[in-house]
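Colleague: Chain residues, written in single-letter form:
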Amino acid sequence: QQQVKQSPQSLIVQKGGISIINCAYENTAFDYFPWYQQFPGKGPALLIAIRPDVSEKKEGRFTISFNKSAKQFSLHIMDSQPGDSATYFCAASMEPHQLIWGAGTKLIIKP
Amino acid sequence: KAGVTQTPRYLIKTRGQQVTLSCSPISGHRSVSWYQQTPGQGLQFLFEYFSETQRNKGNFPGRFSGRQFSNSRSEMNVSTLELGDSALYLCASSLDGSGANVLTFGAGSRLTVL
Chain C
1 QQQVKQSPQS LIVQKGGISI INCAYENTAF DYFPWYQQFP GKGPALLIAI RPDVSEKKEG
61 RFTISFNKSA KQFSLHIMDS QPGDSATYFC AASMEPHQLI WGAGTKLIIK P
Chain W
1 KAGVTQTPRY LIKTRGQQVT LSCSPISGHR SVSWYQQTPG QGLQFLFEYF SETQRNKGNF
61 PGRFSGRQFS NSRSEMNVST LELGDSALYL CASSLDGSGA NVLTFGAGSR LTVL
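Keeping their order, the protein sequence lines are chains C and W.
Here the first sequence stands for residues 1 to 111, numbered as in our numbering.
Here the second sequence stands for residues 1 to 114, numbered as in our numbering.
Calculated from the structure, these hints are not laboratory results.
Bear in mind that the values here come from a model prediction, so they are computed numbers and not experimental data.
A portion of the hints provided could be inaccurate.
SDA-like mimics (lysine to any residue), calculated; alpha carbons at most 25 Å apart, straight line [unchecked claim]:
| id | chain 1 | residue 1 | chain 2 | residue 2 |
| --- | --- | --- | --- | --- |
| 1 | C | K58 | C | N22 |
| 2 | C | K5 | W | G99 |
| 3 | C | K42 | W | G58 |
| 4 | C | K58 | C | P82 |
| 5 | C | K68 | C | L46 |
| 6 | C | K42 | W | Q41 |
| 7 | W | K57 | C | H97 |
| 8 | C | K58 | W | G99 |
| 9 | C | K106 | W | T20 |
| 10 | C | K71 | W | S98 |
| 11 | C | K106 | W | S65 |
| 12 | W | K13 | W | A107 |
| 13 | C | K42 | W | S22 |
| 14 | C | K110 | W | P39 |
| 15 | C | K71 | W | F45 |
| 16 | C | K68 | C | Q37 |
| 17 | C | K71 | W | A100 |
| 18 | C | K5 | C | D53 |
| 19 | W | K57 | C | A24 |
| 20 | C | K106 | W | G84 |
| 21 | C | K57 | C | S85 |
| 22 | C | K71 | W | V102 |
| 23 | C | K42 | W | T20 |
| 24 | W | K57 | C | P96 |
| 25 | C | K42 | W | S65 |
| 26 | W | K57 | W | D96 |
| 27 | C | K71 | W | Q44 |
| 28 | C | K57 | W | S98 |
Please model the complete structure; the sequences and the hints are all you need to start from.
Modeller: Right under this line is the structure:
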């Protein structure tokens, strides 16, 4: 019940396309859902996060869509660029506990 | 402000040896967490320290240990190294370690065990 399941494991998208990464959770007590982005040779960095009281949050080309009833949330990257090539991790938490992490998605944007 | 600093960045050890990794958190951050990252395994939580006390622990054997000093700097130690311990070890700091805190990660220490 503490797991966060992330898919796909890897994803190849053409430049300009939409990249979509999905995560699912079981614990309805989770109340914070961040996405972290990790470039090779670097540690992960917070990209965007959402609380379950909203269904969508947008920051530039990055959007989190949240479906509370389905217990799913997803990251959409619009107009994907080669610079977006990275590993993306979803996570979930409930106060005051630690984040529970998804397994990560390696995203490659082809020029 | 300065980010999270991890040292050393790269190290090579042989089986049976031990290793100590260091992490200097962002100034003012009191929580330090450690993660092991291997290809295909994502981020595996090792432990979290807050105010010099281990507050949370992941599912790793006792060969993995850590500590935190009064200035919030943290070290982790792996004894009796095994080949499977080869990984990137990441440290992350946050204000108080609660789930909604933003974690700031260091660049990691890449350990190779031969």
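Colleague: Run through the hints listed earlier and report the numbers of any the structure violates, in increasing order.
Modeller: Those not satisfied are hints 9 and 11.
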